[in-house]
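Colleague: Here the structure of chain A is known, so what remains is to put chain B in place on it, guided by the hints.
Read off the chains here:
Protein chains: 2
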Amino acid sequence: MSEIKNQPIQQFLDELASKSATPGGGSAAAIMGAQGAALISMVCNLTIGKPKFAEVESEMQALLAQAEDLRAQLTDFIQADVDVFNRVMAAYGLPKETDEDKTARSAAIQAVMKDATIVPLECAKACAKTITLSQIAAEKGNPNVISDAGAAVMAAYGGLKTAALNVYINAGSLKDRDFAEAKIAELAAIMQDAETTTEAIYQVIKAKL
Amino acid sequence: MSEIKNQPIQQFLDELASKSATPGGGSAAAIMGAQGAALISMVCNLTIGKPKFAEVESEMQALLAQAEDLRAQLTDFIQADVDVFNRVMAAYGLPKETDEDKTARSAAIQAVMKDATIVPLECAKACAKTITLSQIAAEKGNPNVISDAGAAVMAAYGGLKTAALNVYINAGSLKDRDFAEAKIAELAAIMQDAETTTEAIYQVIKAKL
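Note that the protein sequences, when read in sequence, are chains A and B.
Taking numbering that gives the first Met the number 0, the leading residue of the first sequence gets 0, the next gets one more, and so forth.
Taking numbering that gives the first Met the number 0, the leading residue of the second sequence gets 0, the next gets one more, and so forth.
Pulled out of the complex, with its shape left as it was, chain A reads as follows (with noise of 0.2 angstroms):
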């Protein structure tokens, strides 16, 4: 089947909408962490190689370049998302007559969980990233696309927050306890200053519109 990413946004659209489990969440979190990438992409962009913006030249394009490595990562992750939810599918689809079938398809489970619980994980870092990032667009970016920065920052908000409900969800599920708890930290270090950070951008950039 052909990359999500090469998907019309329609057949997303509808696909995410039907009943088949894929894609969900976790995809609709990567597409809105990369929307936040691509805004922050677009702001420095249309802000690069113009005179009135010489004196932060160097420092668009040092964010140019991390928005962009952001975005490839996030669009990633909308095809890392199913992938992982297919291998938990058939981790789950392994036989179970024998006690010997129970032991290896429960280890299989468990193993492709911990996978299930990093590939957000991961997702929401990123959108954490694109969420900093955004801040620097908004100060320092040309003024009259200042608005894209605060798509930005809401985008990337969004991702998080999305991805993070697929963090708690898949980690519930682990009975290795130290590694869950250990991603959980992990994302509630991120996710703890997201939202009071997110909602200074965003007046930040309203009060400058």
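Fair warning: there could be bad hints in the mix.
In this list, chains with the same sequence are indistinguishable; a pair is considered to hold if it fits within one copy or across any two.
As the list claims (entries may be wrong) - For lysine-lysine, the following BS3-like pairs were computed, each having C-alpha atoms within a straight-line distance of at most 25 angstroms: (1) Lys4 x Lys139; (2) Lys174 x Lys101; (3) Lys51 x Lys207; (4) Lys124 x Lys207; (5) Lys4 x Lys18; (6) Lys49 x Lys139; (7) Lys139 x Lys124; (8) Lys18 x Lys139; (9) Lys174 x Lys124; (10) Lys205 x Lys174; (11) Lys51 x Lys205; (12) Lys51 x Lys18; (13) Lys49 x Lys4; (14) Lys207 x Lys18; (15) Lys4 x Lys124; (16) Lys49 x Lys18; (17) Lys139 x Lys205; (18) Lys113 x Lys139; (19) Lys18 x Lys205; (20) Lys174 x Lys95.
Treat the hints as calculated values from the structure; they're not laboratory data.
All values reported here derive from a predicted model rather than from experimental measurement.
Modeller: Then chain B, alone, in the frame of chain A:
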């Protein structure tokens, strides 16, 4: 040019990131909202027809119809944002040689700016309705996909806050202050409880994971 909804996701993200002024935050807002509505439909489609949820069957059917209606509206706003922006640019491009030119140009800009205020306002309204519907999906939908109801509310919230920025910025350039203030008041009414409602729905879902 083909409609944005028919473009592959990768191409849309590339064009969003580019120095082209469109697509921008307004289209990103509409896609966030459409993803939110699609995720509500997903929850409905994974609830309807299951004997376990027979009690909420008719409510889920009604919710699905509403979510699909909102999804269609929000998908239309992806393109509508670009179309109205292009009309704004065309108005700014009108000749301004003579006094007569200037008067006609200014009138054309002001007329299309009203539309450029209405388009994101309507998008914001559809996102706000999506937030409201996601609460029903979270409370009564199949609990196995409750995290997708959480993704729905966050996507719709991101869409709402982003569309709002475009209302503020375009209303700000209107000379007809009565019209502008009326539109900002309409927006304020739907924004008022959005943050609290979104966070409440999110916390209900998180607690159920």
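Colleague: Next, verify each hint and record whether it holds.
Modeller: Hints, one by one, checked against the model:
no. : hint            : verdict
1   : Lys4 x Lys139   : neither (31 angstroms within a copy, 32 angstroms between copies)
2   : Lys174 x Lys101 : within (15 angstroms within a copy, 72 angstroms between copies)
3   : Lys51 x Lys207  : within (18 angstroms within a copy, 52 angstroms between copies)
4   : Lys124 x Lys207 : between (28 angstroms within a copy, 23 angstroms between copies)
5   : Lys4 x Lys18    : both (20 angstroms within a copy, 21 angstroms between copies)
6   : Lys49 x Lys139  : within (13 angstroms within a copy, 53 angstroms between copies)
7   : Lys139 x Lys124 : within (23 angstroms within a copy, 31 angstroms between copies)
8   : Lys18 x Lys139  : between (44 angstroms within a copy, 16 angstroms between copies)
9   : Lys174 x Lys124 : within (24 angstroms within a copy, 43 angstroms between copies)
10  : Lys205 x Lys174 : between (46 angstroms within a copy, 20 angstroms between copies)
11  : Lys51 x Lys205  : within (22 angstroms within a copy, 47 angstroms between copies)
12  : Lys51 x Lys18   : between (51 angstroms within a copy, 16 angstroms between copies)
13  : Lys49 x Lys4    : neither (32 angstroms within a copy, 32 angstroms between copies)
14  : Lys207 x Lys18  : between (43 angstroms within a copy, 21 angstroms between copies)
15  : Lys4 x Lys124   : within (20 angstroms within a copy, 28 angstroms between copies)
16  : Lys49 x Lys18   : between (49 angstroms within a copy, 12 angstroms between copies)
17  : Lys139 x Lys205 : within (15 angstroms within a copy, 36 angstroms between copies)
18  : Lys113 x Lys139 : neither (40 angstroms within a copy, 29 angstroms between copies)
19  : Lys18 x Lys205  : between (39 angstroms within a copy, 22 angstroms between copies)
20  : Lys174 x Lys95  : within (19 angstroms within a copy, 71 angstroms between copies)
The structure shown violates the earlier hints numbered 1, 13, 18.
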